[in-house]
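J.: Letter by letter, the chains look like this.
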Amino acid sequence: MLEFRKDLFADERDDNLNVIGKGEQRQDMLGHVTGRTRFFDDHGFEGLLHLKVVRSPHHHARIRSIDVSAAERAPGVKRVIRAQDVPVNKNTLLSLIGFGKDDEPTLAVDKVRYKGEPIVAVIADSDAEAMAAVKLVRVGYDPLPAVFDVQEALKPGAVVVNETYPGNYFEYHDKYDHQKLRFGDVEAAFRTADHVLEERYQMSPIEHASTETNGTIAAPETNDRYVVHSCAQGLFFSLGTTAKILALESNRLHFIGGTVGGGFGGKVDSLTEPLAVLGAILTGRPVRYVLGREEEMQFGSPRGAERHVIKDGVMRDGRIVARQITSYFDAGAYTRLSSYGVVKCVAHMPGPYTIPNVRGDAYCVFTNRVPATAMRGFGVTGLDFSIEVQMDKLAHLVGIDPMEFRILNAYRDGDMKAHRRVAHNTALIECVQVAAQKVNWPLSETARRASSLSGGGGPRAAIPPTVTDESGRIGRPETRQAPPQLTPGAAPLPAYQTPPAVPIYQPPPAHQPVAPLPNYPSQPAAATPPPAPVPPVPAPPAAPQHGAARFSSVFTRRR
Amino acid sequence: MARHQGRGMASINYPIGMNLGGDPSQALVHANPDGKFTVALSAIDLGQGMKQVSRQIAAETLGVPIEDVYVDTADSDTGPHDMGSFASRGTHRVGNAVIVAAKEARGVLLEAAAEELEVNADDLVTDGKGNIHVRGAASKSITVKAASQAAQFKQGKTISGRGIFLIPLSNVNPETGEMSPVTAYAHACLVVDLEVCDETGDVKVNKLTSAYELGRALNPKMVEQQLIGGAWMGMSHALYETPEPYYPNPEHGGRDYNEYLMPGPGDIAPHDIAVLERPAPDGPFGGKGPGEMCANPVLPAVANAIFNAIGVRIDTLPITPEKILRALKAQGGARPQVRRA
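Sequence lines, in order, name chains Z and B.
Sequence positions in the first sequence follow this note's numbering and run 1 to 559.
Sequence positions in the second sequence follow this note's numbering and run 1001 to 1341.
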């Protein structure tokens, strides 16, 4: 059942459009329902070869020896690919946008860092022959101790998972072992709060479980090019990654895709493209590399586990005055996209609520498990679970209805967010009101009259004086657990600058914001949310920071 | 043994597009001599409907019937660059690029029509049915087809357009986390009604009720499929699936759909949805993107409903029967909380 609440925000919309807003059938529906749509694996080639990889049975081990002689002589085998055959055998996905250090080989060298890591690839006439030959590859291992818990991995003296990041954490800004968020002064606010609640939340890894597993068919094209039928969620992202690993000019690759049997983030890593194309280059034949279901479930990168520790200060009247979140993202053995998810998580703190004092510390941690990657909402899904269960506990603690509690603390147009940008186009309050209405959840008059359009801004738009600290410098884990060191003379940061606007949508000329809505008349003064408490005054300011110093870039590692 | 009813809720917002920006999408639009349009992209259709939403945005902007537009996507030789389909960026980023390209193509189309009609192009409007006419004078008109043929064979004009949409990359302050993550947020509130069996620890979700604010539902049918499918995934995340059931112990991972638990057809709950539309100032026709966020409110709402039913808090996902039974044992049995409505 789906209904539209056209009465809400009606004056911000032109509903008289021709095609937009109509439930038109998709252009490819007929092909989908008749089974004629072609996915990557529906492209047949004469003389197609099949690629399979040898995977590590150990979570962490030194590779003592690799013997492929028996595999090379096995029936149907056309080629064995070893690490030294990969032109650029070290990459990190986000190097394409200049973020992070190359830390992951296509085929393992010297060491395996997770169970299932590819070591050798075998190409044969049939899937069965390739799988049989994979079993004939002899790899000698010296097993190493492994680390699986993120907080264990961060301890000094922990097993080093990935030598590119010897502290087992991604390095942010060449300075810190995590990404910080500082807004106001949580410690001072905890001291004045009526209640303080600290809780720990854990989200386990998740498999994408797409109908179609990861796979690629690559074939030599005329003119010394290669056609690549790909399931990638980012066509040029995968093309660029493949070109880098194979040291090819990008225009020698002709990627075709766009119709994919489910992704959910599991087809961003280019798990199969580089080896399939390398196989086509080395054999001069079309090569198909497709993960089986078991490979996909066990060794295809999952949504990474997230651990969030939330500490809140709340007043008896329900106002949250401080929120501190410490987050640990389990990246597995290599970075892939986890470093990005961490920054997205920090941007999402403290959730859709206006809280005057917020502190965040988020770590991207390496462990000896399958590298994690993107999945539907990663960086946010686990944090939302944690925040919203915490909100339920807080409401319970202060004896306020959970919906009322959300509305009381909800962000509104004009409020300052913890990452120092003003909220606009908000609608959390209206969503809560409509959901309440649908299930006959009783709301007070004040909650029913609340609106995202009013009551925000003013004192809620202020950037509070903020104390910063030097905790978690790279290579100094002992500073991580230390109480926040108040930087002498930390100054309030300068007012934010509006980012460049990119307006395209033009509301109709009649557009008049802040008109009373039919069901939710603009609220009376009594319903105005309480202004943010005045944050405590920090140490006396020193020289103000300059605009140039405000943005040290996470993207400085362009290489 | 008793089955305890519980109701829980959660509310969320979600950022639209790649965090920090810096993720461009391009679009190319051109007409054949009969006035039929092709939109060339490199966006990926994962089943979410990327092709169709681009098609509707192009048809609306061009002012032509939807049947006259097809989207050709993801051939790197013919489609222009696009970052990809992830981070709820497709509709917002690609949609805006399509608008820019379609506007340019529409401009040439109207110029060609103006030349044939001997009027000023600024006075022309489209009726969305394949005709172009002078504003306020429907009889002074030309078909899109005739205008396109004239452009191609008589006037020598290319009815085409190029579009790109890029939100410049934001930096991040290492000390404070100051940044410009995204420009638009979608919102949701969701209520879960469920029952928990205190003997088996089994949770049965009976009903989902939700309100989603999505900017504008560009295609309501596709929005509905996203919201229903996404909520199912949220339910699965909350109660069923993980490749590491005893994380951080890495063992016991499922190898196939027999071992990897997900809700089956019998576990699907009815979902009653309200859609709110507060247009994003920089979204295509105000659109945001329901793609990722629709799963998110379900996880905490389920956990909160379980607390409401039996009075235990499970803070580690997924909430399996084993965890529920252990928590009930530790608590000394179910303690149902206040019933809501």
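Careful, some of the hints might be misleading.
Where chain B lies over chain Z, by a calculated footprint (3+ residues, C-beta under 8 Å) [what the hints assert, rightly or not]:
hint : stretch
1    : 7 to 15
2    : 22 to 33
3    : 231 to 237
Rather than coming from a laboratory, the hints here were simulated on the basis of the structure.
Idealized CB from N, CA, C, for every residue including glycine.
J.: Now look at each hint and say whether the structure bears it out.
T.: A quick look at each hint next to the structure:
no. : hint       : verdict
1   : 7 to 15    : holds (count 4)
2   : 22 to 33   : holds (count 7)
3   : 231 to 237 : holds (count 6)
In this structure, none of the earlier numbered hints is contradicted; all agree with it.
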